[in-house]
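Here is what each chain is made of, one letter per residue.
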Amino acid sequence: MIPSLPRPAIQRFGLGTFVACFFVFLFVPLLVVAVFAFNNADYPTPPWMGFTLDWFTANSDARTGLLADGELLQSMGVSAWVALWVTLLSVGVGTCNAFLLERFEFPGKNAIALLAMLPLVIPGVILGISILAFASRIANFADETWGLELDFLRPGLPLVILGQFCYIVTIATLTISASLRRFDRTLEEAAYNLGASRLAVLWTITLPYLRPSMIGAAAMAFLMSFENFNTTLMLVGSDSPLTVLMYSRMREGATPVLNAISLFLMVASALLALMLLWRKPQAQ
Amino acid sequence: MSDATAYRRWMLGLLLAPALLWLVGLVILPHVELLLLLSLQARVGPGEYAASLDQYRTFVDEPLYWNTFVRTAVISVLATGLTLLLAFPAAWYIAKVARGRLKMVLLVLCLLPFWVSEMVRTLGWLILLRETGVVSSLLQALGLASQPVELLYHDATILVGLVYASLLFMVIPLVNSLESLDDSLIEAAYDLGGSTANIVRRIVIPHAAPGIAAGSIVVFMLCLGNYLTPTLLGGKNSLWFTEQIYTQFITRFNWNQGAAFGFLLLFLSSLLVWAGLKLTGQRFGAVMKT
Amino acid sequence: MPTPAAGSPATAPDLDIRSVRKRYGAFAAVDDLSFQVRRGSFFSILGPSGCGKTTLLRMVAGFIAPDDGDIVIKGASMRGVAPNRRPVNMVFQHLALFPMMSVGENIAYGLERRGVKGASAKAKVIDMLQRVGLPGSEGKRIDQLSGGQKQRVAIARSLVLEPALLLLDEPLGALDLKLREHMKVELKQLQAEVGTTFVYITHDQSEALVMSDQVAVMNHGRFEQLGTPQQLYYQPQTAFVAGFVGNNNRFEGTIESRNGEQVLLRTASGLGLWSQRVGAVDVGQTAVLFIRPEAIEIGRSPRELPAGEPAWSASVQSVLFDGGNSTVLVLEDKSQTPLHIALPLTGRLADLKSGETVHFGYQPSQAWCFPA
Amino acid sequence: MPTPAAGSPATAPDLDIRSVRKRYGAFAAVDDLSFQVRRGSFFSILGPSGCGKTTLLRMVAGFIAPDDGDIVIKGASMRGVAPNRRPVNMVFQHLALFPMMSVGENIAYGLERRGVKGASAKAKVIDMLQRVGLPGSEGKRIDQLSGGQKQRVAIARSLVLEPALLLLDEPLGALDLKLREHMKVELKQLQAEVGTTFVYITHDQSEALVMSDQVAVMNHGRFEQLGTPQQLYYQPQTAFVAGFVGNNNRFEGTIESRNGEQVLLRTASGLGLWSQRVGAVDVGQTAVLFIRPEAIEIGRSPRELPAGEPAWSASVQSVLFDGGNSTVLVLEDKSQTPLHIALPLTGRLADLKSGETVHFGYQPSQAWCFPA
Amino acid sequence: QEKTLRLLTWGGYAPKDVIEQFTKETGFKVEVTTSNNEEMISKLRATAGAGFDLAQPSQDRIAGPQTEFKIYKPLDLSKIKADLFIPSMLDATKKNTTVGGKVYGLPHIWGTDGLVVNTKTSKATDYADLCAAENAGKVSMRLKRPTLIAMAFASGKDPFALYGDAKAYSALMDDMGKKLTECKKNVKFYWDGKDQLLAGIRSGELTTAMMWDTGGWELNKANPDVKFVAPKSGALGWVDTFAIPAKGKNDAAAYAWINFNMRPEIAAKVASSAGNFTASKGADQMMDPVLKKQFADSFPEAALKNIKWYPAVPAGIEDIEGRVLDRVKAAQ
Ligand SMILES: Nc1ncnc2c1ncn2[C@@H]1O[C@H](COP(=O)(O)OP(=O)(O)OP(=O)(O)O)[C@@H](O)[C@H]1O
Ligand SMILES: Nc1ncnc2c1ncn2[C@@H]1O[C@H](COP(=O)(O)OP(=O)(O)OP(=O)(O)O)[C@@H](O)[C@H]1O
Ligand SMILES: [Mg+2]
Ligand SMILES: [Mg+2]
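Chains as they are written, first to last, in this note's numbering: chain A, 1 to 284; chain B, 1001 to 1290; chain C, 2001 to 2372; chain D, 3001 to 3372; chain E, 4001 to 4332.
Hints are computed from structural coordinates only; laboratory data are not their basis.
Since this is a predicted model, take the numbers as computed values, not measurements.
We treat Cβ as the ideally placed atom computed from N, Cα and C, and that holds for glycine.
Hints may contain errors.
Said to hold, decoys possible - Computed list of lysine to aspartate or glutamate pairs in DMTMM-like fashion (alpha-carbon distance at most 20 Å, straight line): (1) K4227(E) <-> D151(A); (2) K4185(E) <-> E4205(E); (3) K4120(E) <-> E4031(E); (4) K4016(E) <-> D239(A); (5) K4185(E) <-> E1048(B); (6) K3178(D) <-> E2170(C); (7) K4138(E) <-> E1150(B); (8) K4120(E) <-> E4134(E); (9) K4184(E) <-> D1155(B); (10) K4249(E) <-> E4031(E); (11) K4184(E) <-> E1150(B); (12) K3124(D) <-> E3112(D); (13) K4249(E) <-> D239(A); (14) K3178(D) <-> D2070(C); (15) K4003(E) <-> E188(A); (16) K4167(E) <-> E4031(E); (17) K4184(E) <-> D1054(B).
Unchecked claim - Label-pair distances were calculated between CB atoms; the ranges are: (18) L73(A) <-> A1141(B): 30 to 40 Å; (19) R1008(B) <-> P2099(C): 48 to 58 Å; (20) G1047(B) <-> T145(A): 48 to 58 Å; (21) W278(A) <-> R1008(B): 38 to 48 Å; (22) T2346(C) <-> R3303(D): 12 to 22 Å; (23) A1275(B) <-> A4222(E): 34 to 44 Å; (24) D3032(D) <-> R211(A): 44 to 54 Å; (25) E3162(D) <-> P3(A): 26 to 36 Å; (26) G147(A) <-> A1051(B): 50 to 60 Å; (27) T57(A) <-> T4026(E): 51 to 61 Å; (28) A4168(E) <-> G1047(B): 24 to 34 Å; (29) W278(A) <-> K2140(C): 23 to 33 Å; (30) E4020(E) <-> R1008(B): 44 to 54 Å; (31) E2162(C) <-> G3147(D): 31 to 41 Å.
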């Protein structure tokens, strides 16, 4: 139980052990992936053939390491680019939605609130197909009736961004709404009373208050976009994001460079998180 | 006054626009077209379709699809329960026992695995669990097994994979709802003679119920909609409903059937969630607000 | 400090409420109220929870539009004027300090909105902090302040804008007892110094009495009485005011006889009490009678009481010792009616014990009788 | 109600704290405390925030293990006894009622844990609710109760287990003023009725004085004084107690002369005041002197003061009118020292105005001087 | 004025140096989207043939989808340098991809499906051996239509001959389904991604699998014991094609790419990148000698003759197969 209650040693030890096992469970698969990034073999699986850094640095005909694998690096860039847009859109629209759902009463509000949850329960593949089919229908319609070529509605990054945005914005909405609900509205009234215009109130009081949750939602959105596969697969054009590239590589026979890039992402994100973490307590 | 009302109207319009664009343009129209219209048609000839209920009839008539759906739902429910069992103590530790920086570190640790794609995480499990894999070798080395053990391609493996992929989505809402539980409630219950088990049952679980429900819904939906984990870890007997949908859409080019399955999945899973909420006496609105 | 509105004579009221009314459905939260607040005065509105105080104050601040009537501040009607354009500022019940800003930024917030920036804003902030007794705290974060300090920052944040009116909505409600006692005195001094008109709402009679020049006692959306603290305390006009302001013994009964402006009330338990009548109370009517604990003289023997007053004997039920505020609960011997009686400040009767017999009496002119 | 522990004589204390000590790092939260609480008494621990009250109480309840010393309840040492096995129950500061259960379930919770179920548990719950004045509320939800009702449910939940000791951690802290006044009296009556030993902690001196049989004043982890409310109020033993219990005027200065047990203190501003000395105070030492506002006599002319006492003249700075608790702040004419003086209960001087000249005096036996 | 060619193709079919050379020669940039047959068709179907300028589905998967979804446009054969193709292959592909008298596909890369066998631990020579008791638990196959067809050939039937007769075909497939269901206990897993299978064979967990030739040869490089075996009842031959999507916008670039790709030296490069053979005439002289040797090992003269080329899949066939496959999967 909680630390203030005296608990038998077994219980304390038991919980500690469980939590330790929990994190082992969480990290063992990743650890294995990371270890095989250094395997001196052409495939990312056992047996262990000895240590090598080839999968990071090599640039020969036989082996292409992470640093020399232009396609891989580019796809990482594509993923980041997509994730950036999805994040911006999701947080922006999510914030609007939060205000809409928390601050306004209008007919049909409940229906909208319920509909907003829907994308969470639609399997990603279906989401991808239906958006692709719908976008194509519009694009073909525009093409046939006005001779207008709406390129962004064809398989490609804009469509990937829209598809991911479609369900990630739900999560952003939930996160930001929760924080807005806890917001003490008298702060706004106080600012208004001190002579601030409505815009100034929003800009100087409400948004700064929401900032932590918006950052949280952004991190979540970025992460979910970065790792999305199901929806993306149906919508990609020629620029493939990392997950799609990895999928096709695995289908054709993967090399440990995939492990290498996974390790790289893990380490980079861990460092980023730790940096944020260590800065925060000092700021307070 | 009328100024303020006009201003609110204007704001409402401004905020409603992106929401409606999103909901109508990306959620309602595409899915109405795909799930409803398509699923109510059947192919009558090359490129020709007519209204029909055949797709749904197929689902009812063919036990295979039924079985697949039931199996998917059962395993998803199991995975959800298992995830809850695993995540609860961990969330408890993070919310109530760990303090200060340790707490933040543990939370971040929970998040880290999700930076690598699901495929890579599954690859990790494949390396670990295959017949010639790490765990099998370890078991042999320890003398616990006399010959290689195949740990992959069982339903249990699917469960492990699903639970693994879902943990984060359970831990976060649980931590949130446990954190809001006042320690003094637990102390008071203890002071009144409550045992640990009783306090968990009477105080902690009722308090965390909305969080538990929220986490369970999300995890259940994620499991139900998962595609990679069951297909890669599941082996020859694995049947997964999303796989069926994928197959209908992609390899059979039978969009009508796929759409019907998609709609059924959506409908039946919503029904299950609704039933679950009813059974535990929760309300969807309250749950989504945690 | 207040900037006089053009054209209004110096004697004009700062705030003039004219037949203001606000309904929520059929329920009248504020019911046809009219009153004026003199320039530079400390005006309190005292009333129980839910009587409409906050609603009234928020109408003055502009957050709620009245259904009817007009609010005139410094001679200018506020109809259709947005809250951020009114020459009033408000101190909120839970202060509503901006947690994401430092103390200095909080205070400078309103100035910046007016376009006062840089050095001149800074000078004003520093000066204001000096005046509320927090020099040098402009860099502190809000959560580094104690309750009383937060209080002062909230007031400083409003005062720095030199409003015509400062509205305060139970600003001491969240503080603990000792601090509240202290802040009461401090607030009053601050108001005297800056000279700004304060409109203060509270449900704590002690706050209202100690600080105010004028107090309005509010109930069910209307004012029961408006006057100086002394008037409310010594000349309550309604039973509600008598019961709400200060401690009181309350007796119900029927008027038995009348002698000029004094009436004799007989309680159901048989106790007969003389008092001043207020309003149309007459023989045969039911009425309520109030005597303050400290208006009752008490002694161990009848001789300790002033001669010529009626006197009763009673037995001590319990002594509620609280230093200078100690009271004793007695049961009048014949009727077994319970009464609270204040013990003398000198500590003379501090050693009373349960069961002891005491004698008490009071001057009928210090008791009031109202129609029931 | 308490179930007497086997073999302990009826006169044994219910709670016996023996040299208990608790440190957090180098900081002693509770520092070598020993005291006893008599069976059936209402014992309060009064002290400022952070003095270690909660730590002490939680050691008694068993949530914190003392570093040193022993806690004996009803003759049995509590060393190594888990909180859920101790014959004590606690009422938490924020009550800690279980929001997921009804009022009845809250009260029955402890009974069920003891195996008392069904009809007999129900009967006890109904009886207990009756006793705390909430008959028929067992079906209500917690959030349907008012603050005072919650209070009573929290106490009922503990009392129904008939503990040897009931521990209360500032249970009135969260209530508003009027309700607090009311609950104070009610709690005292309840304790007298049920006869359970109460150990009550608070930082509000008025609560401690009104309710308790015995009060311990705590500071920095130690008891400054332990005694009846009257003893604390009229015979403080330390400067801290004098300043903390009741209102007081405080003066610092040097002892100029001594006459038996009385000493003359001269403040820096030049005011000379005679008082009773407490502890080792002597000529030439610096000291602090306390006089209660109500121990000072005040009048418009020197003749209104009792003869034979030293008297001073002063000008009125401000009148803090608060009905029966009104005080006046005056500046002594020669030294300009500020003093608070209570106004007579009779309302005699209620019409004092700022700037008026008044005269005051006091009996040196009612003032105390402590070493600085 | 269009400057880019949007190519929807298989992994390995458009190596970087080939694209660079093409851009240098023609000025067209190339955007590559890699995919497989099924996803290609699904995507083109969703966009009604828009979004890409050139696609490369297998020859048997053109006629059916085309009649059904109209996702390709007819080829203008006058823009093709026909003499760059192996004539027999060109003719066969043309015949297979003709719908309504118009040709929709041209051959590009071809290969076969057969058996990959670890000759140390397995003696499999035909599809039927996948279900032999001695290989129990060490066998893998795809749960896709080629497996059904292979089993049919192994049991001496010619499924392709029954393409026109839905009823008979359906009966045959039901039989094959039963066979596969019985065989299920032998199977370790039904493979889906190539990686999965390669790992299984490499680790020795699998001894025999049904797979296409490139995988076998790739494994052979690392472990000479592992060989690609053309089954006795005949390897299944597939041909990947060039087809132009119905709403392709840059036909000029598409034809340029086709003609460029069929040049022997280019075709050889692509073929070795893909690990397969090409329909370009004369390219085989320039092929990687290792691959050539492996090919010769796997395909003696008789085996080469015995390759069963997939004919165009008529609509409706896949529904029949799908139902059977579902049942196999569901069987316990
Ligand atoms: N928006 C509203 N809709 C309906 N009734 C309301 C609304 N706001 C306030 N009321 C009602 O109007 C009455 C007056 O409310 P108000 O907040 O002014 O009381 P108050 O005197 O400030 O009380 P407190 O001392 O508790 O703050 C209350 O009975 C309240 O229930
Ligand atoms: N776990 C702890 N670690 C370190 N110091 C602590 C801990 N708990 C309490 N303290 C310190 O011990 C002292 C006594 O704390 P305690 O809670 O007993 O005070 P208190 O008298 O109950 O105050 P309050 O009236 O504010 O409740 C405080 O100064 C506090 O800072
Ligand atoms: Mg209010
Ligand atoms: Mg405390």
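Practice task
Taking the numbered hints from earlier one at a time, note which ones the structure violates and give those numbers from smallest to largest.
Solution key: The structure conflicts with hints 1, 3, 5, 14, 15, 16, 17, 19, 20, 23, 26, 27, 30, although it agrees with all the remaining ones.
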